[in-house]
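Participant: In order, the protein sequences belong to chains F and S.
Here this note's numbering is used: position 83 in the first sequence is 83, and no number is missing along the way.
Here this note's numbering is used: position 7 in the second sequence is 1007, and no number is missing along the way.
Because the hints were derived from the structure by calculation, they are not lab data.
Some clues are possibly wrong.
Quick list of simulated restraints, FRET-style, between CB atoms [as the list claims (entries may be wrong)]:
1) E1063/S <-> H188/F: 46 to 56 Å
2) T1031/S <-> H188/F: 49 to 59 Å
3) R244/F <-> R1112/S: 11 to 21 Å
4) D16/F <-> A1104/S: 57 to 67 Å
As a list, the in silico EDC-like pairs of lysine to aspartate or glutamate whose alpha-carbon atoms are at most 20 Å apart [as the list claims (entries may be wrong)]:
5) K1106/S <-> D178/F
6) K1033/S <-> D1083/S
7) K1056/S <-> E229/F
8) K1056/S <-> E179/F
Backbone N, C-alpha and C fix where the C-beta goes; we use that ideal spot for every residue, glycine too.
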Amino acid sequence: MIPAIALRGVRKHYDDFALHDIGLALPVGQVMGLVGVNGAGKSTLLRVLMGLVRADGGTVEVLGLRLPQEQVAVKRDIGYASDDMRLYRAQPLRWHMDFIRSIYPGWDEAYAQVLLKRFDLRPQQVLGGFSHGQRVKALLLLIFARHPRLLLLDEPTTGLDPVARGEVLDALADVLRDEERSILFSSHNTADIEQVADSVTFLHDGRLLASRDKESFLDGWRRILCRGERTEAVRRLPGLVSVRGSAPLVELKTGAFDASTVPALQALGLCVESVEPMSLEDIFVTTVRGEGNA
Amino acid sequence: MGTDLLLSPHSITPMYVQIVEQVVAKVMSGTWKPGTPLPSIRELAAGSRVSVITVKRAYLELERAGVIVTRQGKGSFVADALDATQALAEGEFQTQMQGLLDAARKLGLGRRQVVERVGQAFDRLTDASPTHTNPERRKP
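Isolated chain S (complex conformation) (with noise of 0.2 Å):
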């Protein structure tokens, strides 16, 4: 297993957010698949160049976001396929909303306004595809 990610100092991305996508695109991608160890924190400094406290850091957000599970005395592990995926998907989720909620911003629109256009939104994709979903009620 590489141990090794590839991390640039000079990002603007912070190192310990690096490796969280990195190690987040090796477990979507399936290169590490559940219940993979993740080297060690040490490993993982040393072999990639960085702090020990950023690795750690960074294994802590993988944590919190339910893609690792780290078990005392014995590393950290890739979490299983249901929780990983599951955790992802919010993850993807909670940076969609950020971004929405960022552009709403930059159109000084308020709350109600967003909330009334996320519903319209919804109601065009539910007015797009009833023949998906619900066939049988729109015949006469």
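Only chain F is shown next, with the shape it has when bound in the complex (with noise of 0.2 Å):
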């Protein structure tokens, strides 16, 4: 099957910020959540999936149309969200959703009715008047009731209260429901990547740091409490991205964790405490900070 997106040695370069060398494919159904520090190049990742930015190398596909080529094809299926997109604040939401019916056949005005319940948002009312976080909400909605193939949504939950943020994760959820569609959000919140996202997709410093399905990803990623030395033959061992030590115990924290590990560290006379899966806020920091000691 085609999948949603396809990159391959997509380059991008700035006076101040390049992309590197990026190649992932985001198969049909599958939701991936991008990870990474502001100015990682997540925004300019997504802006050249949408075709607002044009690479300087490599290849981009989406939807199985190559971009920049055939972008005006490929745009009537994607949905794009971002900070910087702007409504007109005289106007009220209903003439919003009015004006995107008139421009896109595939609008489904039964859905946009339960998405105004369940956003809890006024369609009379203009979006001069909005919250951040209703106005997020409206953006959203016009873009979900249009039911695009491919979701491209940067920081869509960011500045969203709690229950707000609740609202669009459902809504998210209601996407999944159907395998043809595909979704792509980053989010500087790792547990709402962490809780929908089928793989992770993490950027540092322009470069993909890793890009797989996110069970595999967390199982490589542990952990490890024990008692003894923190010597420089356990400092070696492959994949131990931070070594915290307060005696007698020894912090380590892998990314390449597997059923040889806990023997690894037995064999260097240390005595496994424990061995706990990590969060991916955990696994985040662990990994930019790892990155910059380097």
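Assembly of the complex is requested from the two constituent chains, each provided in isolation within its own frame, with the hints serving as guidance.
Facilitator: Right, dumping it as structure tokens:
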């Protein structure tokens, strides 16, 4: 099957920032979470996929079509949301809905009504009177009710209160029921990604650190507490990203955990006290700090 | 049938394990009887707000444990009563044994000592209840 997104060797150079050799694939029907610190290149990557930015090199295919050549056709089936999109402050939400409806034949008015209710929005209110959270929800409503085959969402839950975040995640879950539709979203809230994403893509400093399915990604990371010496041999273990000591305890964080990890530690004379899974947030922070040390 | 499970993203227990545990609980309590169709992977993912891949993994584990069976193109079902009970008992045994091994490791007991003590426990068990198992043999 043709993937929803296929990037190969994508490069984009700016004076103060560059995307380097980005290659990733998002199969149809999946949700991919994009993780990275501010300035890692998440927004630039999304803009390349939307055809708003032209890559300097490499190939970009979205829904089986090459960008930028076929961007007009692609955009019909993409729903893109980002912070810098503006709605008309003087017009009510209903006016915006009718406007989108007149452009996109796929507009689903019944679903729009469901979303109005779920997002607790009043269609007759002008956008100027909306709070930040309401504006974000209004924008997502205008996109979701078109049933685009690919959603590109740049920080869709940032700045939302916990209740609104839950509403947005519910709407994302709705999209999942249809196996023809795919989502790529970036978020600072790693918990959102950990919860709903099928795969995780990790950007740092314009480079791809990892892009793989979430379950095996999380499985590869463990925080291990041991009793023993923090020797040089321990530090040199493959995959080890962080080693901290507070005698007699040693805390190890590894991104290459498997069945051989614990026996290897025991062979080095460490007594393993506990092996815990790590949250995406912990992995994220550990990785970025580890990069800094290297 | 309620398809939504009660999952917590903040639990130390991984999401897929939570799904496995809750499906097992439903089967053990008889809420989901043998032959009951499970919710489709996408349905459960959307209803419980977890990712599709997480539910897929949970279903694979449940299948491997013999709690559910998956028929191509038809979906997953709770396995037949015997198979499911057997599988669950087997799973329980595995968990307990792992617990035993973990506890032994903390005490620094080696393989021989563990086997020895399990043997002794067996002996005590048969010493304590001979009248139930074989009342005739003890008679003088």
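Participant: Given the hint of 46 to 56 Å, is the C-beta distance from E1063/S to H188/F inside that range or not?
Facilitator: The hint (46 to 56 Å, Cβ to Cβ) is violated, given that E1063/S and H188/F are roughly 36 Å apart.
Participant: CB of R244/F to CB of R1112/S, is that within 11 to 21 Å?
Facilitator: violated, 36 Å
Participant: Given the hint that K1106/S pairs with D178/F, test it: the Cα-Cα distance must not exceed 20 Å.
Facilitator: Not OK: K1106/S and D178/F at ~49 Å, beyond 20 Å, violated.
Participant: Taken at face value, is the distance from the CA of E229/F to the CA of K1056/S at most 20 Å?
Facilitator: violated, 41 Å
Participant: Does 57 to 67 Å hold as the CB distance between D16/F and A1104/S, or does it fail?
Facilitator: holds, 59 Å
Participant: Is the straight-line distance between the alpha-carbon of K1056/S and that of E179/F 20 Å or less?
Facilitator: holds, 14 Å
Participant: Taking 49 to 59 Å as the hint, is the beta-carbon distance of T1031/S and H188/F inside that range?
Facilitator: violated, 39 Å
Participant: Against the 20 Å threshold, does the CA-CA distance of K1033/S and D1083/S hold or violate the hint?
Facilitator: holds, 12 Å
In this structure, the earlier hints numbered 1, 2, 3, 5, 7 are contradicted, and the remaining ones agree with it.
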